[in-house]
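Asker: Residue numbers (full-length UniProt numbering), protein chains in the order written: chain B, 1 to 309; chain F, 1 to 309.
Just so you know, the hints here were simulated from the structure itself, not pulled from any lab data.
Hints may be right or wrong, so weigh each one.
For identical chains, the list gives no copy identity; a pair is met inside one copy or between any two copies.
For lysine to aspartate or glutamate, the following EDC-like pairs were computed, each having C-alpha atoms within a straight-line distance of at most 20 Å [what the hints assert, rightly or not]:
{"no.": "1", "residue 1": "K104", "residue 2": "E65"}
{"no.": "2", "residue 1": "K3", "residue 2": "D151"}
{"no.": "3", "residue 1": "K305", "residue 2": "D151"}
{"no.": "4", "residue 1": "K26", "residue 2": "E228"}
{"no.": "5", "residue 1": "K204", "residue 2": "D64"}
{"no.": "6", "residue 1": "K3", "residue 2": "E80"}
{"no.": "7", "residue 1": "K279", "residue 2": "D78"}
{"no.": "8", "residue 1": "K221", "residue 2": "E65"}
{"no.": "9", "residue 1": "K104", "residue 2": "E80"}
{"no.": "10", "residue 1": "K2", "residue 2": "D50"}
{"no.": "11", "residue 1": "K281", "residue 2": "D78"}
These figures come from a predicted structure and were not determined experimentally.
Each chain, letter by letter, is given below.
2 protein chains.
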Amino acid sequence: MKKEYFIGVDVGGTFTKAALVDQKGKVFSRIQVSSRGFSQKQYFARTLHDISLRLAAMAHVSFDEISAMGVGLPGPVDSEQGIILSLTNIKGWNHFHLAGFLKKYLPFPVYVDNDANCMALAESRLGAARGARFALCLTLGTGVGGALILDNDIYRGPFFLGGEIGHMPICVSGPRCECGGIGCLERYVGNQAIASRARRIFGKTVPLEEVSRLARRGHAKAQKVWQEAAACLAMSIAGIINVLGPQVVVIGGGVARAGVALLGPLRRRVRQHAMRHLKGKVRIVRAALGNDAGFLGAALLAKEKIGAR
Amino acid sequence: MKKEYFIGVDVGGTFTKAALVDQKGKVFSRIQVSSRGFSQKQYFARTLHDISLRLAAMAHVSFDEISAMGVGLPGPVDSEQGIILSLTNIKGWNHFHLAGFLKKYLPFPVYVDNDANCMALAESRLGAARGARFALCLTLGTGVGGALILDNDIYRGPFFLGGEIGHMPICVSGPRCECGGIGCLERYVGNQAIASRARRIFGKTVPLEEVSRLARRGHAKAQKVWQEAAACLAMSIAGIINVLGPQVVVIGGGVARAGVALLGPLRRRVRQHAMRHLKGKVRIVRAALGNDAGFLGAALLAKEKIGAR
Numbered sequence: 001m002k003k004e005y006f007i008g009v010d011v012g013g014t015f016t017k018a019a020l021v022d023q024k025g026k027v028f029s030r031i032q033v034s035s036r037g038f039s040q041k042q043y044f045a046r047t048l049h050d051i052s053l054r055l056a057a058m059a060h061v062s063f064d065e066i067s068a069m070g071v072g073l074p075g076p077v078d079s080e081q082g083i084i085l086s087l088t089n090i091k092g093w094n095h096f097h098l099a100g101f102l103k104k105y106l107p108f109p110v111y112v113d114n115d116a117n118c119m120a121l122a123e124s125r126l127g128a129a130r131g132a133r134f135a136l137c138l139t140l141g142t143g144v145g146g147a148l149i150l151d152n153d154i155y156r157g158p159f160f161l162g163g164e165i166g167h168m169p170i171c172v173s174g175p176r177c178e179c180g181g182i183g184c185l186e187r188y189v190g191n192q193a194i195a196s197r198a199r200r201i202f203g204k205t206v207p208l209e210e211v212s213r214l215a216r217r218g219h220a221k222a223q224k225v226w227q228e229a230a231a232c233l234a235m236s237i238a239g240i241i242n243v244l245g246p247q248v249v250v251i252g253g254g255v256a257r258a259g260v261a262l263l264g265p266l267r268r269r270v271r272q273h274a275m276r277h278l279k280g281k282v283r284i285v286r287a288a289l290g291n292d293a294g295f296l297g298a299a300l301l302a303k304e305k306i307g308a309r
Numbered sequence: 001m002k003k004e005y006f007i008g009v010d011v012g013g014t015f016t017k018a019a020l021v022d023q024k025g026k027v028f029s030r031i032q033v034s035s036r037g038f039s040q041k042q043y044f045a046r047t048l049h050d051i052s053l054r055l056a057a058m059a060h061v062s063f064d065e066i067s068a069m070g071v072g073l074p075g076p077v078d079s080e081q082g083i084i085l086s087l088t089n090i091k092g093w094n095h096f097h098l099a100g101f102l103k104k105y106l107p108f109p110v111y112v113d114n115d116a117n118c119m120a121l122a123e124s125r126l127g128a129a130r131g132a133r134f135a136l137c138l139t140l141g142t143g144v145g146g147a148l149i150l151d152n153d154i155y156r157g158p159f160f161l162g163g164e165i166g167h168m169p170i171c172v173s174g175p176r177c178e179c180g181g182i183g184c185l186e187r188y189v190g191n192q193a194i195a196s197r198a199r200r201i202f203g204k205t206v207p208l209e210e211v212s213r214l215a216r217r218g219h220a221k222a223q224k225v226w227q228e229a230a231a232c233l234a235m236s237i238a239g240i241i242n243v244l245g246p247q248v249v250v251i252g253g254g255v256a257r258a259g260v261a262l263l264g265p266l267r268r269r270v271r272q273h274a275m276r277h278l279k280g281k282v283r284i285v286r287a288a289l290g291n292d293a294g295f296l297g298a299a300l301l302a303k304e305k306i307g308a309r
């Protein structure tokens, strides 16, 4: 098998991570740059070109051995046409034909997708969902990102908004969400919601890392914080399980660092809500690839798009 | 195009409906028999043979012009192998290899699927979801049946339990459901739940048809019954919309006869919960094929399985 190289780029609001990987997902070089100035499209394009040169040089790979690039972005993307549908973190990129624009700057094809989709693809091919044809992947952080692998492929849906589990309503009324909905899961288990839950239960501000640490040691109030979050999460996850029957649910993101303090009550709650026929069949596990999942998935996207399986 | 004929059978707990249709879904003859005695497998097989002969004779079609038969059943089915996974209405059929068994009795191939999947297939090809590659179909009755059309095909999932929207939890605790879960949608909007909601609101027993009639005339209590049911339904439907982005949601079954008394508040509630990008894009409509959807879908399943598109 001829060696092929791909570049995976994970564009975040603050930092952008990139790596050069081979077709098996092995990382040969990696780099992190500031996302500042990316609202200037030319600057972004030149940065990608520059990153590619540097990644190739670092890995002692010739620039023309790079077959394709994948770019993950924090917003919905029409991945067929390579158009960013909306992006809140970087100004002026709504409805921007990124893949087409980059053609002028880069000698290899560029494929674009949502970052949660990239993360799910990486976990599906190399991580915690490996071997499962059907998987739900969540990233718990400031927001609640989600993506679905159905029949071994990213599910994008007709409007390229597939997998947005963070916007499943879990309350008939409930608070208004940025997405335009009300009562969304994200408003109950996002970073801020958990922090204010901790504040309510402890009667003072306690950092989430501390809440996790205390919960692991058996501290009742700390456990209550995670139990409440787990109860909310379980409703949406069990809803997806009963409707789509994924074989595995992968939980990633900063909030997942709570570990068993969150996963323990989450598994119990999901088992309560899941249909009898599914109770024992769906594993709920932590993500395996951490912060690398974004660029790895972007690189795998590029690989699979050009058909180099 | 050579004319081909298919038999669609919709096995219910009380009655079984069957029809002879052509590849376009045109009905040439139809029949209804009692489902009594179907726990005796030989009797069921002979009945299907007898039905086929009669349907052919009624339509003046030769028996050997029948290309295939589709059978819809009220329970989960491994439609690839033709195995009934579980069935509560007919005894002794759990894990029964129905398609294999019927080979001895019928000269044409038989394909088996869940009845909600058949209904969704019919609505997708000939009914209210025609033209939509992504659709959610619900049947509101004693239970809440559901099925998904994703990328123009029935979504079955790895465990053949796809689309069970009636078992999405809408409450963290809530009543225990027959499925083994708790707080399932079905427990809030099934026939009995709506009837007891009406009893609570009216202070006496009122038949659902009457509640619908009063609601259409503007009766406040009657409207409240449907508004509450709509609020529950909207949570699950909006959850599916935000995660899968179907282009159309089709509502069928006896409870859907409430018509605009239910659909009006349902559309408003779903619009509140749906993401901004999806609010205007998803139509919520009544099923178009009524009670015929079951056998039509079963016949279409058979047609599509043998590849006569």
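Asker: Tell me, in ascending order, the numbers of any earlier hints that this structure violates.
Answerer: Numbers 2, 4, 5, 6, 8 and 10, in rising order.
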